[in-house]
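Chemist: Here is what each chain is made of, one letter per residue.
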Amino acid sequence: MTLRMATPLIYGTVGETFSERAGILNLGIEGMMLMGASIGFLVGFTTGDLWLGVAAAALTGLVLGLVMAFLTVSIGAQQHVAGLGLTIACSGFSFYIYRVSVANVGGVAPHVEPFATIPIPYLSQIPIIGEVLFNQHALAYIGLILVPVSAFVLFRTRFGLSLRAVGENPNAAATAGIDVFKMRYISLIIAGVLSAIGGAWLSLAQSGMFLPGLTQGRGWVCIALVVFANWMPYRVLGGAILFGGIDAVQLSLQGVGWNIPYQLFLMLPYVLTIVALVAVSRRARAPAALLLSYKRED
Amino acid sequence: MAFFTVEKRLLPSRRLNIAAPIVSTLVALVISAVPIYVGGVNPLYGYGELLYGALGDKLAITETFVLFAPLLLCGLAVALAFTCKFWNIGAEGQLYSGGLFASFFAVYATSIPSVIAIPAMLAVGFLGGAGWAAIPAILKVKLKVDEVVTTLLGNWIMTYAVEALLFGPWKNPATGWPESPVISDTTKFPILIAGSRFHFGIILALLVAVVFYIIVRKTKWGFELLGIGGNQTASYAAGINVPRQIILAAIVSGGIAGLAGVGQVAGIQFHMTTDLSPGYGYTGVIIAMVGALNPIGVVLASFLLAVVVQGTQAMHRATGVPWALAEGMQGIILLCLLVGIFFTKYRLKQGRRRS
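Those protein sequence lines, which keep their order, are chains B and D.
Residue numbers for the first sequence follow this note's numbering, beginning at 1 and rising by one.
Residue numbers for the second sequence follow this note's numbering, beginning at 1001 and rising by one.
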């Protein structure tokens, strides 16, 4: 259950880590998740092929990443504002596109049969951890693999090195021959694709429907998780599991029937996110050029 | 790279600075026509309905002003914080906080005459919003915690808290709805135009805009905030107490947003409700940017957005275009504006880059 809730967080946060490592704070992530959820659902619904939906979501994310890159890298707009504008636009359009494309059939919201979980033979029979680790959706497995892969790419490839250099000191990187614009564009494309897939997971694997507020602010939590993970992929996994766990706990607590308003439980992940941010703020080592725009002629 | 090179403009042009927001908005409207068309509606007809619904008759205009008030206050709140680069995205939560605390007071103020009750309620609401903004402000200044995330998450926390209260201990015993008991008559804002909802809070919002202008342009504090926003390091060097001013700016910003909440409670809803605001706080960010953080710009931008929001509601009722379009349009306006701002600072010249 925890891994289930953590999966979109893993995708979103890993994606965001890439963009922030290159120096861009991508506040459009919430919007990218929503569009991924919406388009992924619509394509999955109309074609009956869920994986096609995921692919469509990925493509959407790519386009959105390009838009974000255009705004922050080429135009040099303020990153906070560009991201927020993108998220606001995507929030509206994700729901608009959905409404325009499908009508409620007899009062029942259109839904798809969500992705089934894929139990890995033998391994999933192991009591307790077998159920948790080896009986998950395909996308969750991919998400788990994503973590070591991204760590490898970031820290053990030339590409990763160039990307990190761009995030630490773009001027020095440019002098060394690295194309700063290109690196930042690529990092935002990665962020867009991954966040959109994370969003598609929400509509195609978790709920089978698209609803307003499907993301529940998870995109923002991802932003916080990047800080919490000190911009390192393995810690991202830890953070996502932690918060996925809190989410899962909060859901089950609601059923317990204590005389406490359920909204207090809903609040819990956000409060704890802030607490976590505060806790790690001391030793946070952000990429040095995060948020600074880079201009060629300066 | 491409066939254009980007060149910084040496002399920013006044005409361009004014033209840019206007052209950007027009471009945004053109772009938004595409989804409207896809939705099966003729955009020209749709925009006609939009304009008529916002400005076409007395009811429309007064309703546009009703929307204008909270948007203006949120825009001012955000603009103040952004002036010193405190990215307050939490206006939404601060609005609710202000409304909440104000209604605590207002429900029980039945024996206090309006002359005292209303200013007191405003003060309480201001403090409510200010207090909520203080948390992310202190976290940012003392612990360097990024305020974008804390103010944003704060919105969720506050709206859930309001829900918890209104569904629970503070539910209206008379109706059973998740709203507070009705506020005292002495605290309701008077209606200023008969037959409409045009209330005192609208004038109040304009007053706040005037005060804002005075603060930012005429006081030392405003000047220091501008300095901090321009170059924080230089401000430190000039002896400005940067942390204190940032916290103050954030608190006042939260207070102004809180006033927006008070206005909604005392002027429109007369209860504390769970839906005081359909996102005014976020629209406030857009307004602040469109208005270039200056009070006159914010007033104009707020009016523009009030027209857009009111108009799209009318358009939705008349044509069936889903309401979510309005949010999308707001985002597009902001993005087009960012491109417009770019063109005020840079020009494109043909030809390859000569290194």
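By construction, these hints were calculated from the structure, which means they are not laboratory data.
One thing to keep in mind: the hints can contain errors.
[To be verified] One-sided excerpt, in silico: chain D residues whose CB lies under 7 Å from chain B:
#1 Val1141
#2 Leu1143
#3 Val1145
#4 Val1149
#5 Ile1157
#6 Ala1164
#7 Asp1185
#8 Gln1269
#9 Ala1324
#10 Leu1335
#11 Phe1342
[What the hints assert, rightly or not] Some chain B residues well away from chain D (every beta-carbon gap over 10 Å; in silico):
#12 Thr87
#13 Pro148
#14 Val227
#15 Val271
All C-beta atoms in this analysis are idealised placements derived from N, C-alpha and C, irrespective of residue type, glycine included.
Chemist: So which hints don't hold here, by number, going up?
Modeler: 1, 7, 8, 12, 14 and 15
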